[in-house]
Amino acid sequence: MIHLAKEDVKHSYGKFIVTIFGVGLLLGIVLMMMGVYRGMIVDAEMLLKDIDVDLWVVQEDTLGPFAEASTIHEDLKYSIKSIQGIDKSEAITFQNLQIMLPQSQRKEKVLAVGFDVYGEINPVNPKHLVSGRPLRVNHYEMVVTDKLGFKLNDKVELGRAVYTVVGITHGTVSSNGSSIIYISLKDAQELQFSYSNKRIQSDAQRGIESSKSHMANTVIVTVKAGYNTEQIAKEIRKWKHKSVYTREQQNEVLTKNVTEKATKQIGFLAGILTFVAIIIITFIIYTMTMDKIKEISIMKLIGIPNSMIVKMVMEETLILSVLSWVVGNVFIRLIYKHFPKQVALEVNDSLMLLGIIVLSSIITSYFSMKKVISADPALAIGG
Amino acid sequence: MKNTVAIKVENLSKSFGKDDSYIEVLNNASFSINKGELVALVAPSGAGKTVLLMMLGCVVEPSSGNIWIGDEKVYHNKWLSKETRKIRQEKIGFIFQAHYLIPFLNIIDNLTLLPQSNGISDKVSKAKARELLNYLDIANKEKAMPYQLSGGQNQRVAIARALANNPKIILADEPTAALDIERSIAVIQMLKKIAREQDVAIVMVTHDERMLPYCDRVMKLENRGVFFE
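Quick note, the sequences are listed as chains U and E, same order.
Take the first sequence: its letters are residues 770 to 1152, numbered as in the working numbering.
Take the second sequence: its letters are residues 216 to 444, numbered as in the working numbering.
Since the hints were made in silico from the structure, they are not lab data.
Glycine included, every Cβ here is placed at the ideal spot set by N, Cα and C.
One thing to keep in mind: the hints can contain errors.
To be verified - Now the stretches of chain E that chain U is said to cover, found in silico as 3 or more residues with beta-carbon under 8 angstroms:
{"id": "1", "region": "268 to 280"}
{"id": "2", "region": "313 to 320"}
{"id": "3", "region": "325 to 336"}
{"id": "4", "region": "345 to 352"}
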């Protein structure tokens, strides 16, 4: 049996390939936007997942520590630890810093996570530690993300001190996509809350106590099995006058307050690009059909059924859609690692795009099919 | 007794428009054409030759009258079949001014497309196509694409395509218009041979009076009527 679509594609091979590449690149960009969208969500959740605690205790009436500034006393961790049902409790700091990159004279924004090296909760996920070791001493050691380009034993100047890189992690980023460095709580407090001599002198003249080196941004807590996390959170709010967020609430604060607008924007853009791709595929199929309208009239005149011609249009639509999707996937998988921020490509997103494109193409090829069905066989006669 | 009539037309009329724009092309025309006949249809430009051809080809609906193709009455003041396409698919072959082969199909596929669309198997339709190509002396071109053949060769393929569905009638719209005199005569002689050997009636619109002596009869369309010379 003659396969009209196959023969037509074979005949206009070059044109078809160029079209597939054009649409494919567009679909690749759609996939990239979806990947950026997913990447932002993954980034936002990465730190929470690595820290893996049940409760976040922050300054009263704040959305800290990611969505809003929060400062609490470090020793709060002891009084929280004494509450029945608490398993572990540690103070932790988060601070945005500029760090000089090793290969260039350029500074890059990083998130410094400060934690008690001898404490019970270590935010460095061993799964992410690709070389070196975790922090072991209270001063001047640092674990860094591989994206920053440091090697083990590199010396990094930060504040008034020089740190040694002792460990390198992979894939550790903050909610806004910045690389993470891990330092001890003591060092972090010094960086965050200790001011320059001049500032201390100036503050002293004004009667201000400027040292807050016993402060932290949050106290992170794990709850013993069998205890109600919500109940314990309620208790801390009541007796300690602090804001407390459960794991889910903190996740929501992050996604709603920190990344929501950005992810919505990217999602919106991905939607528009998908729509544009559908319009382009529709237009291409329509143009391809109109290019063949004379042949279609001849086929109809000699008695070829509409169903056979419609099948040709439909199959060409499907071939174009599916092959463009394949090209788009290959294209994005070749380049996504070169993007500065994480592009999280998910098979489900890709399959969803295939479904949308195929379904929309079939629906919109209706215009071409309408043209086929209404083509006048008389057009073939009389030149 | 075997019916020798391939086309029979009775009181066929066709008009377009209303009031000021009313045009009558045909008024109560009646004629018949036998199997094995090659009939030339001649008329001045704009007289309605193509319209008549399209009515015989079940493409344009007449205003009134009757049409038979072979034994089957296909029109009686309206089409008697819901799908006139089916009549074309099974009973009518078409030849055009240009060859109008499907450019993305090779020669054998151009010939087998119509029979296969009518449920004829690939094997049977190809055997018939090869037979026709052989008959029309272009047997070695079955894998070629239309753009690889000369105008004359393509016109022969187009004639073969018109025969591929074993039609009762072939309607040819100026098939020699694009050919020189020698090739035109060759095509007319080929059509005459086909009409005889395949037992098919051929109605051929032509402007070229030099072709008329080669036809069995000449049908003139004049003053909205049909006359045979």
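Here's how the hints hold up against the structure:
1. With a cut-off of 8 angstroms between beta carbons, the region 268 to 280 of chain E has 5 residues touching chain U; three or more are needed, and the interface restraint holds.
2. A count of 6 residues in the region 313 to 320 of chain E with a Cβ less than 8 angstroms from any Cβ of chain U is obtained; the coverage claim is therefore met, three being the minimum.
3. Here the region 325 to 336 of chain E counts 6 residues with a CB under 8 angstroms from a CB of chain U, which clears the bar of 3, and the coverage holds.
4. With 0 residues bearing a CB less than 8 angstroms from a CB of chain U, the region 345 to 352 of chain E misses the requirement of three and the coverage assertion fails.
Checked against the numbered hints listed earlier, the structure breaks hint 4 alone; every other hint is satisfied.
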